Structure formats: structure tokens, C-alpha cells
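*Asks:* Take a look at the letters that make up each chain.
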Amino acid sequence: MKSSLSVTLVAALLAGCSLTGGSSDEQSTAEDGTTPGEVVLVTHESFNLPKPLVKQFEEESGLDLEIRSAGDAGALTTRLAVTADNPTGDVAFGVDNTFASRALEEDVFDTLDVELPAGADDYVLPGDDGQRLAPVDNGNVCVNVDATWFEERDLAPPESLDDLADPAYEGLFVTPSALSSSPGLAFLLATVAAYGEDWPTYWEDLLANDALVVDGWTDAYYGDFTQGGEGGTRPIVLSYDSSPAFTVPKGSDESTTEALLDTCFRQVEYAGVLAGAANPEGGRELVEFLLGEDVQAALPGSMYVFPVRDGVALPEEWAAHAEQPADPYAVDPDEIAANRDAWLEEWRDLVTG
Amino acid sequence: MNRRLLGLAALALVPVLVLVAFFVVPVAAMLQLGFWPDGELDVAGVLEVLTRDRTVRVLLFTLGSATAGTVLSVLLGLPAAYVLHRTALPLRRVVRALLLVPFVLPTVVVGVAFRQLLGEGGPLGPLGLDATPVAIVLGLVFFNVAVVIRVVGSAWESLDERAGQAAATLGAAPWTVLRTVTLPRLRPAIVSAATVVFLFCSTAFGVVLTLGGPRYATVETEIYLLTVQVFDLQAAAALSVLQLVVVAVLLVAAQRTRVSAPVAREASRARPVTRADAVPVTATLLVLLYVALPIAALVAGSLRVAGEWSLGNYAALDTTGERTSLLVPVTEALANSLRTAVDATWMALGTGLLVALVVTRRSRSRVERRVRGVLDGFFMLPLGVSAVTLGFGFLVALDQPPLDLRDSPLLVPIAQALVALPLVVRTLVPVLSGIDDRQRQAAASLGAGPLRTLTTVDVPVLWRPMLAGAGFAFAASLGEFGATSFLARAEAPTLPVVIFRLLGTPGQMNYGMALAASVVLAATTALVMLLVERLRVPSLGAL
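Protein chains in written order, with the working numbering: chain C, 313 to 665; chain H, 6 to 548.
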């Protein structure tokens, strides 16, 4: 009897949900096989546009918005580059200032006739001037500290990159690898910006001070950081300027962590219309929508980044706990493009000893 | 060409076409981007990559860690295969199902769990294993020991005991029986399992990255870094070819050692555990403990919210996370995963059955044998290529009618079926090749047509391994992340994709939800495997 029950269960499972079953695809293909009423956005896995905004765009433009996501920012850029002749969408969002030069080199993007909102000018990619890439959001990769940990020990937390190499903070810092993680790469670039050609010496000091390098942000924050998961032992971690807004305990109005604003590297994410897009007009409308007030206001809540547009109100926790650095470190995209591989190789040699 | 070869070709046609369309063409397209960077063949550039010191180091580390992982998996898996498939150990079905759980856990989750055990603050921290090759090998074994238990176990289960009993009656000690009678006859299954495990180990990605830190690279992680981070497609292509060559050599070597004698089979009865089983039972309990520790860490983590025991993380699974981190709730992603896994399973099972039939029919000529050998290896190759190469290959190659599948919801199950195909084949082949061809000849001489022969001789024996293969394919599909992460549609993510996203987003609730979702994924797999275990019972009567 029991086995016949299992048979029924399995049969039901097989019958109920095979093939494309359950997919909510509404075929919008017109009779001639083209899909004029559709715009396709290619983006990375962190993209998240709240449903009401998707609906709003579809109603305002009369277009169906389809979103395709693919891996992280690096995987997205590679995807765009290898499909440059025959793109898998109309618009790409999520290429950032550490990857943008690759996309531009591979001629992935078409020119963009979009007027940037006030404030966005500060974030355009040097060398592109908003010709092909429109800045949509920004955020900073910053060293974070567990404020409570330092308080309990009556120890002043570090403040600068220099401090991290100070013996007082030996064995306290954990950072993701520059090879496999985008914040990790941003931190490497911050040290390049801060120390110029001497950055390898700084890293030697950092490693001599028992800094721990792990695979990715998840590993560092949830595995080793004292305010992440349980069992972390390191009170200093590489994360974001917005991270303190996520460590406000219930019923408290103070965050247990703090971002060190003198250690930050700014990441800007761009959107652009793809060369060879099936619907470039719709693509342009979508880019304008991403720059519009509604999406810009939703960015902190849905993607943990700051808007580029002036005069957009931030969520409460953000206004209170996520402070942005006034003068983050920056490296020119052309310089990144020219040296990235050499830097990564040298960094790898340092870290792997 | 004689009729037999024609028949072989007809049977092989569908699986060969499938593999050409969804493996050869996409991989070739990526290789082409690397070998012809500007439309011109650049062999020198590719050769230069292969002579770099780093390439040699990476290759040696890959071979070394994969060998260690395979040897340890086999050593731990054999006693467990015996205990769980031959003896009447209480709860053995449950244990069997549980041991398959690691196989589907997202590696990043296991990585976090392992690091919580081995890391500085963890209970095993004092051993100093964090970010060492030992940690990588331990991780590889954690994922793969189940493959050995399953593949060898299902062969062991249907092994005719009489030869062993005869030897024992003649005075052979149990150890001698094992060494001289049982193991040689299990050799095809052991080699099969070891081959698959080696391929899994040598192409492992997340385990190596997470547990080894930036210090250790394998060919697979190197291809990922070169493709995604550095965008050096030439170097990536060089390494992909290297990987394929190594895998091909390995498959040929495995083929040579796998030569099997026909084995008479009978339904064996599980026998009660006796004192003589003390060693294998202890070994099995150790394996169980080994697998259970990280899973227990995971379950414990999933039950904690803000430092207190709570079911809150599970309650949150039908939401989209802290501050709507997800596009769809976790429960919907689970439904997506199940649907996709059903599709991947029938695809892998159908193709795998054809492949297994083709490669196991006894050859009458040397040409025929050679053709079968080549085909056998050919269908294993997908395991030897990196998910990155395959994933991007799909996007580059499948962009023209009639195969414009880049946006098709079928792309994900197809990719997962390719990953599962070798598992299905390797589960079926040892059993099929163990059938004495004389049975088929006897059936034929009694007037049975080919179909009748198949249903009366092959199917009764095949039934159980088919279900095992289906369970494997289903589990592999549920847990697949590499290729899926490149191909899944944003509005229809699978559970591993959602877990990965939760883990990559700030917020304690999201972390807790990721752990809870991993437990759900693990439990779902265990449930499916238990169902498969139950379904195996009625087939006994058919033997």
C-alpha cells in the first residue's frame, strides 16, 4: 500500500509540472514573429526592481518588460562581450566602473540619447561622458568595524587604511579576494589609489599583520565577521557604506557596526542600450525610466545602493545609518583597463606567497 | 556496413545529436573565440598559456586534489555501500537517502558551514585546516562519497552471492572472499564510480574557491577567473582544451580497467548485521558523522534568529526576504526547481538509457567495440568541461534558428540534464554490461524479437538502476548552480540561485533565510530519494 502511495505521488509530480508547465510566460509575440511590444533588460543577479515599478513602466510605455539576469557584474560583462554581435536583450544594466572599459572596448553599447538628471553628471564614466553609458546608482566599498566589539575592549577602532596594518589591529581584518569578488577588487583599487606604485608594500604589511583573505563577500561577512553569522572572530571586515543600516538591532536606534569613510572606493553602475538591439527605442525609454524619480527612490531599498539623482529622499535607516564618504578613492577607468590584469597577477603572487 | 552497425548507429543517433547540439557546438564556439581572437588562428598564443609555470601548478594541484578526493571517497564509500545495501542495518534506507543530501547542497552554503567548523572560531579551528588543501579534499569527499555508495551499492545489491558462499564453504576467510571473489566482480562498478567522482572532483568549483581561499586554484576555477574576471578568452580556451584532453585520457584509462565479465545476478536478501560486520558498520557510522556535522551546523544555524532559537527563518520562506531582496518568494523558487528537475530528469534518463544500451551491447567485431568505446567516453565528456565554458557557449552558439534557445525556458533543464547524463549512464552501464549476453541469445533463439528481448531480459534488471539514476539526475538538477546561474531567467530562478542571492545580500534575516532554504533543499532531496528507495521494492518480484 505504501509503495502505491509513493507511485501516485511521483506520478502526480511528473504529470503536474513537466516541461514549461507553470511558467507564467504570456506570449506577446506578434503574428509576424517579431515582438515590437517588448523590451528586454539584461542585468546581474543583484538587480531587483520592485514589481509595482515594473508594472508602472509597462503601463507608461505600453511595452512588456522582460528581465534576464546572469551571474555577477563580471559574468554580465563577459556575457555582453561574447554576444556583442547578437545581443540577448535591448538594455544592459549593472556594468560598473571596474568593468566598463571592457564593455566599451568590445563595442557592446550603442550611443545613448538620454538626458541625465541633475546630479548624475558627477558619476559619468570618465572618457565616455555619458555618450554610451548612463550612471544609474552608486555605492562605496568601505572597511566596516564591529563597534560593540571595540567598545567592549576599550580599544579605539581603526580609521584609515594605514591603521589596518598597525600591530594594534593584528589578526582582526578579513577581506574578500580581489580575484573572485567585486568588492575585493574594489578594495585592491582603493589601495592602488591610496598608495600608488607602493600598493604592493602596503599589502605586504597588511598580510604581515595577519589580514585574512577569503573567497567572497559572503564568506568574509557571514563566516568571519563578528557581527555576521555566529562564530565569526574578526571585528573588521570589508563591506559597503550601506552595511551599517542592516545591523541595527530591533528596538535600538543605533547600529552595531560602522563604515570607515576614509577607506572607501566608489562603485558606479551604468545602464546602456545594446548595439544591435531589437528595440533600441524601447531601450532608451527604459534607461530614462531607470533614471526617473521613482526608480531612483527605490534603489536603496531594493539594491542597497544610492541614487545618482539629486533630491531623492533616502529611507529612514539609510538617512540615519548609511553615511556616504565625501571623497572616496578613485582610479581612472583607462588606468584600470590598462593595468587590471597586471595588478591582479601581482596581488595574487603577494597573497599566495 | 553490416546490419549490426546500422542498428548501433540508429540507436546512437538521438543521443549523439543531443550531445553535438548542446555540448560540442557550444563548447566549440567558446574555443573558437579563444583560438581565433581576431578572426585569425593564433596557436602560438594558446601554446604560450600552456607553458606558463602557473598553468603547470594549477594542473598538478587539480590532479592531486582530485586523486586524493577520489581515493578517500572510494575508501569511505565501499564499506558504507556494503553495509547500506547488503545488510539489514536498521534505518538503512533513511541513511542511504540522507547520505545523498550533500550532493545537492549549494557549495557556497556548504562552504560557509565547513568554514564555521574549521575556521578560526569553529570547534575544529585548532586543527588549523582552514584554507588548506586538506579542507578542499574534505569538502570534495563530503560531496562525492554518496556517488560511490550509490553506484557500487546498487551493483553490490544484485551481485550473486553464490560464488562467495562457495568460497566460504571451501574455507576462505571473509577477508579472502572479499578480496578474491567480491571485489573483482565489483570492479566495473568501482571503476565507474571512481571515474565519475574523479571528474566531479577535478571540475569542482565552489568548494575549491570557498575552502581553499585565493591560495589554491584548479583548472576549473582558473577558467572561471580567466573568462569572467580577466576576460582572457584565449587562456581560458587553452585551459579548456587541456581539461578536455586530461579527461579524455582518463576516460580511456578507465575504459581499459573496466573490462567486465558477465555476472549472473539474483535478488539478494539483506542479511542481519553480525559481529563480523563491526568494521564496515563502524566505518559507515564515521561516514555518517562526517556528512552530518556540516549539515547539523547548517540546521542549527537555520534555527537561530538574532541569537535565539526560532522558526522565524522558515516562516519567512514564503516572503521575498528582508526588504524584498528577492523577485519571487523562496517557495516559488522551490517549485521552479522541482519543475526544472523533472524535465532534466526525463531528458537525462531517456538519453542515458539509449547511451547505456548502445555502449553495453556485446560487440562482435573490433571496429564495433572501438566505436562503442569512443561513444562511451564521448558521453562522459560533459563532466570534463567547465560550467562557465558551457554556459557562455550556450549563449554564443544557440543564437540562430533552428536552435535559438537562449531565451527558452528549456535551456536550464537541458544544461542540467547534460550534467546528470554521465551519472545516469554510469549507473546503468555496470548493470547492463553485467547481463550475460547468452540470455539475450537464448531469448532470441526462442523466437523473441529485439523489443521482447529487451523487455524480458534487460528491463527487469534495469528497473532499479533506472530509478537510482533518476534519483541521481533529479538530485543533481536540484542542486546544480554553475550553468544555471548563467542561464536561469530572472523571474524564474531555481532554489540554489535564490539561496546564492540571499547569501550575497546584507541583512541577518536574509542569511537566516538562506540557511533555512538550504535545509529545505536538502530535505526535499532526501524525500525524493526516500521515495525512490520505496519504489525499488516491488521490482524485486520481477527478478
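Among these hints, one or two may not hold up.
[As the list claims (entries may be wrong)] With a straight-line cut-off of 25 Å between C-alpha atoms, the simulated SDA-like cross-links for lysine to any residue are:
#1 C/562 <-> H/98
#2 C/562 <-> C/465
#3 C/562 <-> H/339
#4 C/562 <-> H/309
#5 C/363 <-> H/309
#6 C/363 <-> C/624
#7 C/363 <-> H/125
Keep in mind that the hints were calculated from the coordinates and are not lab data. The structure presented is a predicted model; accordingly, all values stated were derived computationally and were not measured.
*Asks:* Each hint should be assessed against the structure and marked as holding or not.
*Replies:* Now for the hints, and whether the structure bears them out:
no.: 1; hint: C/562 <-> H/98; verdict: violated (44 Å)
no.: 2; hint: C/562 <-> C/465; verdict: holds (24 Å)
no.: 3; hint: C/562 <-> H/339; verdict: violated (30 Å)
no.: 4; hint: C/562 <-> H/309; verdict: holds (15 Å)
no.: 5; hint: C/363 <-> H/309; verdict: violated (30 Å)
no.: 6; hint: C/363 <-> C/624; verdict: holds (20 Å)
no.: 7; hint: C/363 <-> H/125; verdict: violated (42 Å)
Consistency note: the structure conflicts with the earlier hints numbered 1, 3, 5 and 7.
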